[in-house]
Amino acid sequence: MENEVINLFKTYQETSEYNLLVSFKGRLSQEVLTELGSMIRTSLSTESKIKKIFAVFIELAQNMLHYSAERKINEEQKEAGVGILIVRENSVGYHVASGNLVLNEKIEFLTERIQKINSMSKDELKSFYQQQLRSERPEDSKGAGVGLIDIARKSDGPLVFRFDKLDGKLSFFTISAFFTKEN
Amino acid sequence: MESLHIQQTKTSPEIILESDKGLAEIIGESYPENAMAFYKPVFDWLSAIQNANKQIQFRFQMDYFNTSSSKVIMDILDNLQKYHDKGGKVEVEWLYKEDDEDMQETGEEFSSDLSLPFKMKSYK
Chain V
1 MENEVINLFK
11 TYQETSEYNL
21 LVSFKGRLSQ
31 EVLTELGSMI
41 RTSLSTESKI
51 KKIFAVFIEL
61 AQNMLHYSAE
71 RKINEEQKEA
81 GVGILIVREN
91 SVGYHVASGN
101 LVLNEKIEFL
111 TERIQKINSM
121 SKDELKSFYQ
131 QQLRSERPED
141 SKGAGVGLID
151 IARKSDGPLV
161 FRFDKLDGKL
171 SFFTISAFFT
181 KEN
Chain R
1 MESLHIQQTK
11 TSPEIILESD
21 KGLAEIIGES
31 YPENAMAFYK
41 PVFDWLSAIQ
51 NANKQIQFRF
61 QMDYFNTSSS
71 KVIMDILDNL
81 QKYHDKGGKV
91 EVEWLYKEDD
101 EDMQETGEEF
111 SSDLSLPFKM
121 KSYK
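Protein chains in written order, with my numbering: chain V, 1 to 183; chain R, 1 to 124.
This is chain V alone, in the form it adopts within the complex:
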């Protein structure tokens, strides 16, 4: 195999355009997630919504760690999800997003779930969260099935998402949460 020259400049230019505070692509682990969380806390230490932004980042990252359809085994022989996480700042606010592979059969469920959440007021989200928290754990969930509701409650405005189909089995799922700056 020949040693290829990789054009990192192109990647660098593309990512620079977004003004990213944090970006990660690869196999997650609890350690990586913790470090990225620390980076957010450092770079947003003066921001009043820092606790909400941190919490939303952790939910998205742990979703990826547990549920990304692309998985790799780590040093400890544990499986972990692969994907992309970013935190972006612009003049009006912040943008926290994750992207990872999902099975096509999950698209319908995720779409309906997010659309339902987006249609709800803050009060409706609060009741929905409480109701879900008090019900039985979903079978394939490590949590309470309330991650997306929590993300919607903490962020400002609707969740934005898209699916890019790869093949008959897999799609790339991108989901974004937004925060407005207070002044």
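Below, simulated EDC-like cross-link-like pairs (lysine to aspartate or glutamate); rule was C-alpha separation at most 16 Å, straight line:
#: 1; chain 1: V; residue 1: K154; chain 2: R; residue 2: D102
#: 2; chain 1: R; residue 1: K21; chain 2: R; residue 2: E2
#: 3; chain 1: V; residue 1: K51; chain 2: R; residue 2: E101
#: 4; chain 1: V; residue 1: K49; chain 2: R; residue 2: D102
A few chain V residues facing chain R, derived, Cβ under 10 Å:
#: 5; residue: S29
#: 6; residue: G37
#: 7; residue: S38
#: 8; residue: K126
#: 9; residue: R134
Read the hints as simulated data drawn from the structure, not as lab findings.
Beta carbons: idealized from backbone N, C-alpha and C, even for Gly.
Chain V is fixed; fit chain R onto it per the hints.
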């Protein structure tokens, strides 16, 4: 029944379980990789204390927890409510930083369905 003191890590809280006093404390931040597994010792301790018919004082003093931990906290409160319903002596304290409205509101949400003694306290 043994007392237990679990030190905090970057992603998990300090946990103090004192069997003599029937006192349990969870302090700090909670977003471990597997919340159910992490909190198992708390449920073991609760069932031992309850089997001995002791009184329980459960104190939460948390800065942040993720949704998986939130579900476990709900399970702990349900467990305490059941003990209370059977005549067990239970008191819950929910401590939140003075300026932390979110944590105050979270405590109010958790307690809204409970009939056991649930005290909210702010600290500086």
